[in-house]
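Those protein sequence lines, which keep their order, are chains A and B.
In terms of my numbering, the first sequence has 29 at position 29, counting the first letter as 1, and numbering is strictly consecutive.
Each number in my numbering comes from the position in the second sequence (counting from 1) with 1000 added on.
Hints should not be assumed to be uniformly reliable.
As the list claims (entries may be wrong) - Think about it this way: if two alpha-carbon atoms lie no more than 30 Å apart in a straight line, the pair counts; the simulated DSS-like pairs of lysine-lysine are: (1) B/Lys1253 / B/Lys1301; (2) B/Lys1323 / B/Lys1250; (3) A/Lys34 / B/Lys1250; (4) B/Lys1225 / B/Lys1250; (5) B/Lys1353 / B/Lys1063; (6) B/Lys1253 / A/Lys34.
It is worth saying that the hints were derived from the structure and are not from the lab.
Keep in mind that this is a model prediction, so the values were computed, not measured.
Listed below are the residues making up each chain.
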Amino acid sequence: MSAEPTRLTQLIPTGYGSEDPAICHAFRHVEEAKPPVSRSGKRFTVCHRDDLKPGERRIVDDGRQGIGVFNIGGRFYAIKNVCPHAGAELCRGTVHATHRPSDVGEFDAAYHGRILRCPWHGWEFDIVTGKGLYDRTGRVATYPVEIDEAGNVVVMT
Amino acid sequence: MPDFPIIDMDIHPRESRAFPLEPHIPSYVVEALKQRLGGSPQNGYANPTGSYERRDAVCLDPKQTAIDHLDRYNIAYAMIQPPGMSVSLTNQIDVGNALAIAWNDWLIENWLKADPRYLGSISINMRDPAAAVAEIRRCAAHPQMKQLCIPGEADDLYGHRRYYPIYEAAAEHGLAITVHPGSEGALHSVTPVGRVSNYFEWHTLIPLTYQAHLVSLIAEGVFEKFPSLKFILCEGGVAWLCHTMWRMEKNFKGLRATVPWLKRLPSEYIFEHVRLTTQPLEEPHRAEHLLQIFDMVKAEKTVCFATDFPHWDFDDPDRVFPKSMGDHLRRRILYENSAEIFGLPTLDETMAKAAVGATRPSPAIAD
């Protein structure tokens, strides 16, 4: 997925200090889109890549809470199926766009098809990075995905 | 008397025979006022005792009030919330503008000149932002004018962009904006559901108006648009802020994309931009619960002492806070939070000045 154009308003009002505002910080994390890394070395085969079309998802059993695997524009992404807020099955939520930080009175729609909204309280997460879009630190684990020699989608946790 | 100088964020002089408003009324509305164009809607909830004022105090004469109130309570500065705060509700918009001018001149001539401890509020007509900006520019240069005072009742919630010119002028001149109760229910109902029956219900529910304005100010992005602006919510209590702040923050986490101009959490905007005055301070059944609430709302930054002198629900600085409140928080609430908003001398500077004043013989004694 190609990087979307960057436009973050940099407002540092009196008294706030020099740190990025929390929401700008969250979106910077999304823009940087650092690739996830495998930690346990475990591999989970999801399905053949032809059986997971763009815009579709599968929830694969990893023996724990599950992992959601999403096809976004022909590329595959894996994200833990647990919302860090209240433990809901995050990957049963809706997928859509969001509004990036903007000037007052403007709507800057971005990241179409890449934002996962928790089915319980509506918290938004970027599927690619796992970053929550509601504060500075919130995020969900994401995992690398590869296509094996047989054309199967494989999640590496 | 407090053992250090304090700041009172809310005192209420009114017009009197000795200090009338009439000489300050611009000549071009004198006839209009005779033709009864100065009217404004009332909310209908009169104080049942017949007056808003204590029976043992008046606030009519600036020199006398300095003795009765400032000297008595070791008040280094007292913010005057003038009757002109309600000119925004005047039915005839030009008369409303003229009355703002009259009240500002009345305040400067009679009160601010009388004692440097008095701080002034600029009265403006929120219904005519262009005229309000002109009035802010006319009065802002006065060194004792530190804020605008506007009523809780309004045509629109204070996050509405019709008010931007006023906020821009306030920010440009370094003036805070105080919202003060008075006429809630005159234009709308004091509750969103229906009208209340009496003053008891009305007065209890004033925080509803404040919650509405606060949520509007934050959600509409006023503090993104005007990053140096400070709002002071006067006489609306403190404890409700925990609930409103946490509820707003919880909702923000699921609904941020509907207000994408907010780049910080609602609580961050509150702690940076919003201040509350104490009177009438909540009195929980267990006094230590108030200290817990102070902790929750970061009172060491956000809460400013006020008496509401000479009104009926006056808070005494020596009696209103739990005895177990620490000295640090006492100083923050009773002096430093207010001083920082208005750029006043620090508590140490004020104490040093008072000490010099106390040891230097007065000319009468020296002679």
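Right, here's what the structure says about each hint:
1. Of the pairs offered as hints, the one joining B/Lys1253 and B/Lys1301 holds, with about 25 Å between alpha carbons and a cut-off of 30 Å not exceeded.
2. Restraint check: the Cα-Cα separation between B/Lys1323 and B/Lys1250 comes to about 34 Å, which exceeds 30 Å; the hinted pair is violated.
3. Under the criterion of a C-alpha separation no larger than 30 Å, the hint pairing A/Lys34 with B/Lys1250 is consistent with the structure, at around 28 Å.
4. For a cut-off of 30 Å, the pair hint linking B/Lys1225 to B/Lys1250 stands: about 23 Å separates their Cα positions.
5. A threshold of 30 Å between alpha carbons decides the hint, and for B/Lys1353 with B/Lys1063 the separation of about 21 Å falls inside it, so the pair holds.
6. A hinted pair counts as satisfied when its Cα atoms are at most 30 Å apart, and B/Lys1253 with A/Lys34 qualifies at roughly 23 Å.
Comparing the model with each numbered hint stated earlier shows that hint 2 is the single one that does not hold.
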